[in-house]
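Chemist: Since chain A is already given, all that's left is putting chain B on it; use the hints.
So the sequence lines, in the order shown, correspond to chains A and B. If you count by my numbering, then the first sequence holds residues 1 to 482, one letter each, in order. If you count by my numbering, then the second sequence holds residues 1 to 448, one letter each, in order.
I should point out that these hints are in silico values taken from the structure, not numbers from a laboratory. From a predicted model like this one, the values you see are computed outputs, not experimental measurements. Watch out, some of these pointers could steer you wrong.
What the hints assert, rightly or not - Calculated cross-link-like contacts (lysine-lysine; reagent style DSS-like; alpha-carbon spacing at most 25 Å):
1. A:K276 <-> A:K341
2. B:K336 <-> A:K45
3. B:K336 <-> A:K134
4. A:K456 <-> A:K341
5. A:K45 <-> A:K456
6. A:K276 <-> A:K134
7. B:K336 <-> A:K456
8. B:K336 <-> B:K256
9. A:K276 <-> A:K456
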Amino acid sequence: MTGRRGGTGPGGTLGGVLDPSSLQRALATALATGGDFAEVFVEDKRISSARLDDRRVEELTSGRDRGAGIRVVVGDTTGFAHTSDLSEEGLRRAAEAAAAAARGGGGGARTVALTASEAASPYRARIAPEDVPKDRKVELLLRADDAARSGPDRGAVVQVSAGYADSRRRIQVANSDGLMASDEVVRTRFGVTAVARGDTGMQTGYEGVARTMGFEIFDELDVEQVARAASARALAKLAARPAPSGVVPVVIAAGRGAVLFHEACGHGLEADHIEKQSSVYHGRVGEMVASPHVTLVDDGTMGREWGAFAVDDEGRPSQRNVLIENGMLTEYMWDFLRARKAGHATSGNGRRQSYQDLPMVRMTNTYLLGGTEDPEELVRQTPHGVYVAQMGGGQVNTATGDFVFGMTEAYLIEDGEVTVPLRDANLIGNGPEVLRHIDAVAGDFAMAGGGGMCGKNGQSVPVGMGQPTLRVTGITVGGTAA
Amino acid sequence: MTSPLLETASRVAGWARHGEEVEAYVGRSSDTRVVVYGGEIESLSSATTEGVGIRVVSGGRQGFAYAGSLDPAVVEETVAEARDNAGFGTPDEHVGLALPDRVPAADLDLWREDLASFAPEAKVDLALDLERRVVAGDPRIRSVESSSYGDGAGQAAVATSTGISASWRRTACYVSAYALAGEGDETQTGGGYSVGRSPADLDVDKAAADAVERSTRLLGARKPASARLPVVLDNRITTTLLSILAGTLSGEAVLKGRSLFANRLGEEVASPLLTLVDDPTDPDAYGAAAYDAEGLATRRNVLVDAGLLRSFVYNTYAGRRAGVASTGSAVRGGFKSPPGVGCRALTLAPGNESQAQILARVGTGLLVQSVSGVHSGVNAVSGDFSVGAEGVLFRDGVLAEPVREITIASTLQRMLRDVVAVGDDLEWLPGSAAGVTLAIDGMSMSGA
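Looking at chain A on its own, in the form it has when it is part of the complex (with noise of 0.2 Å):
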């Protein structure tokens, strides 16, 4: 693959945003009252959307975003300023209240000699989602609304909304080390809710489809499929009992419940709450942390996956990082400035929100390694449990390990059987803990597809998550039955 600086792409001419010498002398000014290192991160953003909802196209949204962030350290501060105003002027008082902020003393006029880094880009965008006419998107929703109201059982599906999304991010960073580097990242989701309505009131099935692909992931992703499999969920839901509450084994399906290891140990690996010492963590590289059968991975540069992109929001390539390995930690995530204090390689995790956010340590697509268990046999061998067919978000307390995430389709597991459905509900859980309790990973590894979001002080970023089967011989499910 070649650089993404002045190549070309569906879009047009891509490249930078901004010149090489604006970024320059903005970067003088972000240095001329003194400061051990400067950033500029230059951000253009296109959105559009569209939605479905009550057998309606609502409406159409488009949005752009355009503007620089810039940030100015001083020791252990750093000062940040953004400013949606690109010209000389804006850059410039941009560059003086970070460096204000940052509260540079002494110092003098410095200049810094930018180059241009490369780093292979793991997917192009094929299609760019504004060369498609906005009624091509407008079609899926409604063929996905037809779908999901024309099952077998279609007069308990009351309610249909469904969502388009698509966006193209350019960025360009620059920094006082010389580096620049440029990245787009096209991004497109599609989803759908179902709403059944039946003898026990309402229920909801969701499924999407989240990808770092322009318009061509419909070519082939069936939007027919994904309404249906949202209008089966909803169904399904109407005849669960109740969850139980307390702990049991729970089986979670392959590509379902990769959540569970974004919260259970994905967030206590980034380097910020190591260095704070607020993950339970800290301090145990080279440590058995989880069971033998556990190895994960943190991989920027899966082609596609929901979480990918070639350099990282300060400008670092992205990169494949194996945090645990048969059990034992080997590695954090670290974002630039982590790194560079505890003078350790960067890791390609920084990453934010958009231009009018600081960077920090954040995963990409963070995945569970397959095992060598037939995954029916993994069922069969559990006389009784829980299993999780979907899972929702979650959340986790780094500092006490303890982490919830929501099950949005499961069933119990009966003498070896998945048997009748179970309505939503929280499981609760120990990091550490349940990584000990993983005793049997399946070989069907599989990504979550649906395109998370994730969630930290604030800012929003797109993550992926992938696991095979698996068995937690004991969680707390969160319900209401004895």
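Modeler: Structure of chain B alone, referenced to chain A:
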């Protein structure tokens, strides 16, 4: 008040073509955030954000576009984009912009000049002071993961070609700390904060004391055996519960068949102890606002009256569909989204018992101090409610051992009926609802 933002919005609304309605929502905010750690400034951010959101309605179809810029050329491009987007919706006779309804707007002064003159050094000092107080508050406090000060001064205006013209401004600030307490190998966490419209409103002592108490009182917490028991929600948790309920009381959710409460107006849906009101005209409410997101005056709406379901909330579109007037309840997430329906200032009518008196009367149960996984474990359509929790068990009305790694579960429908006490400790907290101690009988606590 002459507002440059309103001038911009009005000018854009004036670009409506024949047979077309145009709404311009213009927002600008200046925000500062200071984070300190270990006695040093970790980061200081300061910036102004502005942008415009445009709705164009024609032929019963709506299009929307936004841009994070007020550059005239960008605004023009955004209007053109919204107009183009309007060509793809499904026609609906109820779609349209708000019309002036002559309801007078509350006279609210939510702007404090002293915020603008509050020096950056003073902001840093507040955050440092809070960190010091937390650390000094108890020998078991190991560190403060983050101590921060933040403020914002926001202005917005909305104008339409249908005669709406409204603008408003507000200031807000906060201090917040998240403490790590430890003994031996154990670590527990707890947060404290204080919010206000000006730095003079901030109570740093209280924020520090809350962070200290909440983190240290969980030390020694165990995972208890599962049980069904009465649960007393600390006031912050009640705020979360009310915000979830707000979604079920949206007229739009009702019309679209997604509300638990559809077809139940006039029925008893909750304990007679519950009276739920949304009143953005209350100047003490954190979410106080004179105008809604479509530029109509906000008003006091009684939603549940002594357990009886009295009304839902509506914006212009949902109201027209339902055949009722807007209740001034249009909300939006800034200029980047078109208006939806929601509450801004929900409050329960307070009871006459303190939290201690409620604990004494309930006798044995769980006092919940924090919850997690609200977005993953609460289904507002089915009503299933299951969230992670931390708190303290109480016996004979007295706090006993702390507990963690548990969930509490029920259904929203049952929880409303099972309320056995509302506290007298009403307090406006950040978000769209007031906090108050709430006791709910018969919840499932899942643990070991």
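Chemist: All hints are to be evaluated individually against the structure, with a verdict given for each.
Modeler: Outcome of the hint check:
1. A:K276 <-> A:K341: Holds, at roughly 13 Å.
2. B:K336 <-> A:K45: Judged against 25 Å, a Cα distance of about 13 Å means the pair holds.
3. B:K336 <-> A:K134: Cα-Cα ~19 Å, so holds.
4. A:K456 <-> A:K341: 22 Å, holds
5. A:K45 <-> A:K456: 21 Å, holds
6. A:K276 <-> A:K134: 48 Å, violated
7. B:K336 <-> A:K456: With a Cα-Cα distance of about 21 Å, the restraint between B:K336 and A:K456 holds, given a limit of 25 Å.
8. B:K336 <-> B:K256: 24 Å, holds
9. A:K276 <-> A:K456: 16 Å, holds
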